[in-house]
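Novice: Chain residues, written in single-letter form:
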Amino acid sequence: MDCLYMEHWSPYVVGIGIGILNCIAFLLSDKYIGCSTAFARTSGMIEKSFRGSKVNEKPYYKEFTPVVEWEWMLVVGVVIGAFISAKLSGQFQFNWVPPLWVTTISSSALGRFVGAFIGGILMGLGARWAGGCTSGHGISGTMQLAVSSWLAAFCFFIGGIATAMLVLKVLF
Amino acid sequence: MFTIFHEKKRVQLVVGFFTGIIFGFLLHKGGVTHYDVIVGQLLLTDFTVVKIMLSAVVSGMIGIYFLKSIGAVALHPKPGSFGSTVVGGLIFGVGFGVLGYCPGTLAGAIGQGSLDALFGGLIGVLIGAGLFATFYPKLDKRILNKGDFGDITWPQLLEVNPWVLVILLSLGIATLLLWIERSRL
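Line by line, the protein sequences are chains A and B.
Quick note on numbering: the first sequence equals residues 1 to 172 in the numbering used here.
Quick note on numbering: the second sequence equals residues 1 to 185 in the numbering used here.
Keep in mind that the hints were calculated from the coordinates and are not lab data.
Be a bit skeptical, because a hint or two may be false.
Think about it this way: if two alpha-carbon atoms lie no more than 16 Å apart in a straight line, the pair counts; the simulated EDC-like pairs of lysine to aspartate or glutamate are [as the list claims (entries may be wrong)]:
1. B/8 with A/69
2. A/58 with B/7
3. A/31 with B/7
4. A/62 with B/140
5. B/9 with A/30
6. A/87 with A/2
Among the chain B residues that face chain A by a calculated CB cut under 10 Å, a handful are [as the list claims (entries may be wrong)]:
7. 27
8. 36
9. 62
10. 121
11. 171
12. 172
13. 179
14. 182
Quick reminder that beta carbons are idealized off the backbone N, C-alpha and C, glycines included.
Work out the full structure, taking the sequences as your base and the hints as a guide.
Specialist: Structure follows, in structure tokens:
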């Protein structure tokens, strides 16, 4: 079981593992790995705690009810799974600014907070707009050969490559 | 095969939870819970993300089409349209390039102790998703259904046997990955 303590696994072992895991999810749950609707549901749950059950009347939340379900539990599991892996390999540490951001932009935690916050808003908006994220479209949808998912994955990377190049190579 | 099992709600929550634990464990072991690795991919200097995604697509595609052929699973391709998939995908991409995590790896980054993911990214994504829910009726009326093409798959669109595409894509992806390895990307 030494492999559980290793810092890195081959990307191919990880990728094939994710593909198999997704097939098991289809078999056991009739679901596939996806993450972004869980964030939309959480957003609805938080809004509900302020504004009460009338939030349920919003047309979007009629389709995606703000409740704990399979995918919501999956996202909580991802936090814990990554925590276990990081702890076992001795890599767990609190950190505000990623190394590459420090070398290209600045070491300011506030600057990184603002960047992550703005990026997060756009990503949360775009994921629901496109009906999925890098997992739901990018892996689970593409492996089913869904046309929408191949197109979405292409747009995720076009937008991402253009933005990362602009921010990290041109602006800073 | 497992259809009765699918209706047991509490058991399903546990299955989802454990699927997530394994997924998060794999994402961290693959290194993609790190901002540097994801942005390295977007700057085309580190191809870890592509290697993981494409090998997941090949193994998952072979597995899922095999399970479908023996009647064990049903496919659930997502519907799409140019107004939702392309516009939303590009907005997502811009956010992806600035944040440096996607929704799944954001959760993984929180687990490894990245505070920028927890306080910046998570709060941002929740607000972004909430904004979409708020504007959904207007967007749905004006943009989301433009150029709608439904939940079609490539084998349906091209009218070929799915296995032809599964085999061709697997070979194509394997060749691409070999080329990436040879170029030491």
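Novice: If a hint holds in the structure, say so; if it does not, say that too.
Specialist: Hints, one by one, checked against the model:
| no. | hint | verdict |
| --- | --- | --- |
| 1 | B/8 with A/69 | holds, 12 Å |
| 2 | A/58 with B/7 | violated, 27 Å |
| 3 | A/31 with B/7 | holds, 12 Å |
| 4 | A/62 with B/140 | holds, 14 Å |
| 5 | B/9 with A/30 | holds, 12 Å |
| 6 | A/87 with A/2 | holds, 14 Å |
| 7 | 27 | holds, 6 Å |
| 8 | 36 | holds, 4 Å |
| 9 | 62 | holds, 8 Å |
| 10 | 121 | holds, 4 Å |
| 11 | 171 | violated, 15 Å |
| 12 | 172 | violated, 13 Å |
| 13 | 179 | violated, 15 Å |
| 14 | 182 | violated, 15 Å |
The structure does not agree with the numbered hints 2, 11, 12, 13, 14 stated previously, though it agrees with the rest.
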